[in-house]
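From first to last, the protein sequence lines are chains A and B.
Each residue of the first sequence is one higher than the last, beginning at 317 in the working numbering.
Each residue of the second sequence is one higher than the last, beginning at 9 in the working numbering.
Treat the hints with care, since some could be wrong.
What the hints assert, rightly or not - Straight line, CA to CA, 27 angstroms or less: simulated DSS-like cross-link-like pairs of lysine-lysine:
{"#": "1", "chain 1": "B", "residue 1": "K171", "chain 2": "A", "residue 2": "K457"}
{"#": "2", "chain 1": "B", "residue 1": "K80", "chain 2": "A", "residue 2": "K360"}
{"#": "3", "chain 1": "B", "residue 1": "K140", "chain 2": "B", "residue 2": "K80"}
As the list claims (entries may be wrong) - Reference listing, derived: stretches of chain B covered by chain A, where coverage requires no fewer than 3 residues with Cβ under 8 angstroms from a Cβ of chain A:
{"#": "4", "stretch": "90-98"}
{"#": "5", "stretch": "126-132"}
{"#": "6", "stretch": "135-148"}
{"#": "7", "stretch": "155-164"}
{"#": "8", "stretch": "167-177"}
Unchecked claim - Over the 10 angstroms line for every Cβ pair with chain A, so calculated as not near, a few chain B residues:
{"#": "9", "residue": "K80"}
{"#": "10", "residue": "Y106"}
{"#": "11", "residue": "P109"}
{"#": "12", "residue": "Y113"}
{"#": "13", "residue": "S114"}
{"#": "14", "residue": "T120"}
{"#": "15", "residue": "G123"}
Source of the hints: derived by calculation from the structure; they are not laboratory data.
Note that beta-carbon positions come from the ideal geometry of N, C-alpha and C, so glycine has one too.
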Amino acid sequence: MALLLRTVARQGQCLSRSQFGVLYRHAVPMGTTANEEMNKFWAKNTRLNRPVSPHISIYKWSIPMLMSISHRGTGVALSSGISAFALAALVLPESYPYYLDLIHSMTFGPQFLAFSKFALAFPVAYHTFNGIRHLAWDLGKGFKIPEVYRSGYIVVALTVLTSISLAAM
Amino acid sequence: MNIKLVHILELLILNTSVFLYCLFLSLSTALLFRSSSLIRPLAVQKKDRDCPYLISAKIHATPSNYAGSGSKAASLHWTGERILSIALLGLAPVAFCYPGPAVDYSLAAALTVHGHWGLGQIVTDYVHGDFKIKMANAGLFLLSTVTFAGLCYFNYHDVGICKAVALLWSK
Numbered sequence: 317m318a319l320l321l322r323t324v325a326r327q328g329q330c331l332s333r334s335q336f337g338v339l340y341r342h343a344v345p346m347g348t349t350a351n352e353e354m355n356k357f358w359a360k361n362t363r364l365n366r367p368v369s370p371h372i373s374i375y376k377w378s379i380p381m382l383m384s385i386s387h388r389g390t391g392v393a394l395s396s397g398i399s400a401f402a403l404a405a406l407v408l409p410e411s412y413p414y415y416l417d418l419i420h421s422m423t424f425g426p427q428f429l430a431f432s433k434f435a436l437a438f439p440v441a442y443h444t445f446n447g448i449r450h451l452a453w454d455l456g457k458g459f460k461i462p463e464v465y466r467s468g469y470i471v472v473a474l475t476v477l478t479s480i481s482l483a484a485m
Numbered sequence: 009m010n011i012k013l014v015h016i017l018e019l020l021i022l023n024t025s026v027f028l029y030c031l032f033l034s035l036s037t038a039l040l041f042r043s044s045s046l047i048r049p050l051a052v053q054k055k056d057r058d059c060p061y062l063i064s065a066k067i068h069a070t071p072s073n074y075a076g077s078g079s080k081a082a083s084l085h086w087t088g089e090r091i092l093s094i095a096l097l098g099l100a101p102v103a104f105c106y107p108g109p110a111v112d113y114s115l116a117a118a119l120t121v122h123g124h125w126g127l128g129q130i131v132t133d134y135v136h137g138d139f140k141i142k143m144a145n146a147g148l149f150l151l152s153t154v155t156f157a158g159l160c161y162f163n164y165h166d167v168g169i170c171k172a173v174a175l176l177w178s179k
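Just chain B, with the same shape it has in the complex (with noise of 0.2 angstroms):
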């Protein structure tokens, strides 16, 4: 009965403490970093009697040492893409007031990235499998490629993107 009563406050104890150390931590990050979600009302602590086997959740979790050196590529990506978006936008009333070979080749540059980025995104979305990306990639790869390829002979052999647009509208 003795040992019994023992174990239960040897349990008590140990629960309690590691209860407080991980409020405490959990505080003191939510103070570190101010997310308020932290700051509520913690849920009443499991007594470990009422669970005697460990619930195992199955997480993806990155390994510890890997944790911070993640490669920032996708994110660069993102960032990249919104960047383009805001230079095409400035790039159409330039073409309107200032047209020339500078914006017509920074259109051609512009247009044709913008447009392999957007349909990167939409091959990612709805093409599955390994190989299945992989090809429809390389055939994106290809297509851009002839993209701009014909944009700059356009620019170098023919009247170039601006006056093209100009000498469509006039009629």
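For reference, chain A alone in the conformation it holds in the complex (with noise of 0.2 angstroms):
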């Protein structure tokens, strides 16, 4: 009878309706919000000064766990380029061309420059590519192991391809 109520309780479709009051009559509906109930967690938590087991320090790493940090890592990375070029159009008195000529003059190497170029389109072209395999998730794809990885390791070869040709314009 509890497994029964459980399984319906689960799908979640009748307990809507008042007069499946019946099926939950063993469920004691709590006072406070899930949201509530994970800030006095956390908290709790630092109030005790409640140290945290190791996780990422001693997990093994694994190709989707680099790749989703570094789809954040360089999403991070971007913004903060966009916003501190913004921030400088705001703050500096010169104009684009005039800051541009000023590091041309600077004479480097056309190997620094090929390099600089490749730095900058690395991490474009990581993220737009995974965010790609992201969107691919969201539509309910790929989801297999397998799957995972081909669509991991593609994303990583498009991003090497895309930037060592972007450098090379």
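Combine the two chains into a complex, taking the hints into account.
Written out as structure tokens, the structure reads:
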């Protein structure tokens, strides 16, 4: 009986109607929201200065893990870059071509220029291609583990190829 | 002895009828919503005399009068994030082929909002406590506002985003 109650409750479809009150007569709704419970949890942990169990320091790194945090990392880096650029545009007195000529007057070798183009293109390309991978996941596609790894390798390969070709332009 | 038998029989009938009622409901729900998880052999029901006390499970239940009228804000935000990502994806080749002020301002807006929402998710993930969350989001809002202002200023008073990238890459 309890199993049946739980099965029906988990579907969540018939619980909304009042005539199904008989189904969860043994269930007691809590007085707080899930968000409040979460905040209480974090507040208690900080108050008691509880130590955190090692997690990322001990767990074996995998390609999907690395790629996920890299997606976030490149996102933060690119966003910071754009914000820094915008701030500079507001604060600096001269125009963009002026500063560009300033950089070009400092004679850097062609390898340095190519490398810096690669360094700029790489996070953009990676974030873009991995972003497409994320959108595929949002459509529900490609969740099987071999598919996750395969799409991951394709993203990395495309990133490297695109960055090299953009740096060569 | 007789009274006890009647009592047991009563409980049995009550239990069975509730059981059959639930079975009917779950099967009809399953057929209606085609959820295969309910069309499956059910576990043996526990007789009441095995559990004389009520086992209460604590649950987070939306009150029945709220059901179906909850806020869709979070869901819409999620959808908005994906639509913006796709729009930004489409904007890249357009910026390459048709550079100009229209694309410049579209890029400024799309990049700012995409970054704002992305950083917002990071705040949600790592910042805890009502006050800290409020402060972090306020700081983020300030950053995004300044970013958009700066990009628009650049588009208006300077060469514009598309031209800037083209110039940067020309050397």
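Evaluated hints:
Simply put, B/K171 and A/K457 have alpha-carbon atoms about 37 angstroms apart, too far for the 27 angstroms limit, and the pair is violated. In summary, the hint linking B/K80 to A/K360 is not supported, as the alpha carbons are separated by about 30 angstroms, beyond the 27 angstroms threshold. The straight-line distance between the Cα atoms of B/K140 and B/K80 is roughly 25 angstroms, inside the 27 angstroms bound, and the hint therefore holds. Coverage of the stretch 90-98 of chain B by chain A holds [criterion: at least 3 residues with CB-CB distance below 8 angstroms; count 4].
Restraint check on the stretch 126-132 of chain B versus chain A: 3 residues with Cβ-Cβ distances below 8 angstroms, three needed, restraint holds. Counting residues of the stretch 135-148 of chain B whose CB lies closer than 8 angstroms to any CB of chain A gives 3, which reaches the minimum of 3, so the coverage claim holds. Closer than 8 angstroms: that is the beta-carbon criterion, and the stretch 155-164 of chain B has 7 residues meeting it against chain A, so the requirement of 3 holds. Check result for the stretch 167-177 of chain B against chain A: holds, 5 residues qualifying (beta carbon to beta carbon below 8 angstroms, three or more required).
Every beta carbon of chain A lies more than 10 angstroms from that of B/K80, the smallest distance being close to 16 angstroms; the non-interface claim holds. Non-interface call for B/Y106 relative to chain A: holds, since the shortest CB-CB distance, roughly 18 angstroms, exceeds 10 angstroms. At roughly 15 angstroms, the least C-beta separation between B/P109 and chain A is larger than 10 angstroms, which holds for a residue marked as non-interface. B/Y113, annotated as away from the interface, keeps every beta carbon of chain A farther than 10 angstroms; the closest lies near 13 angstroms.
The beta carbon of B/S114 is kept farther than 10 angstroms from every beta carbon of chain A, the shortest such distance being approximately 15 angstroms. Once the 10 angstroms rule is applied to beta carbons, B/T120 is inconsistent with being away from chain A; the minimum gap is 8 angstroms. For B/G123, the non-interface assignment is contradicted: its Cβ lies about 4 angstroms from the closest Cβ of chain A, within the 10 angstroms cut-off.
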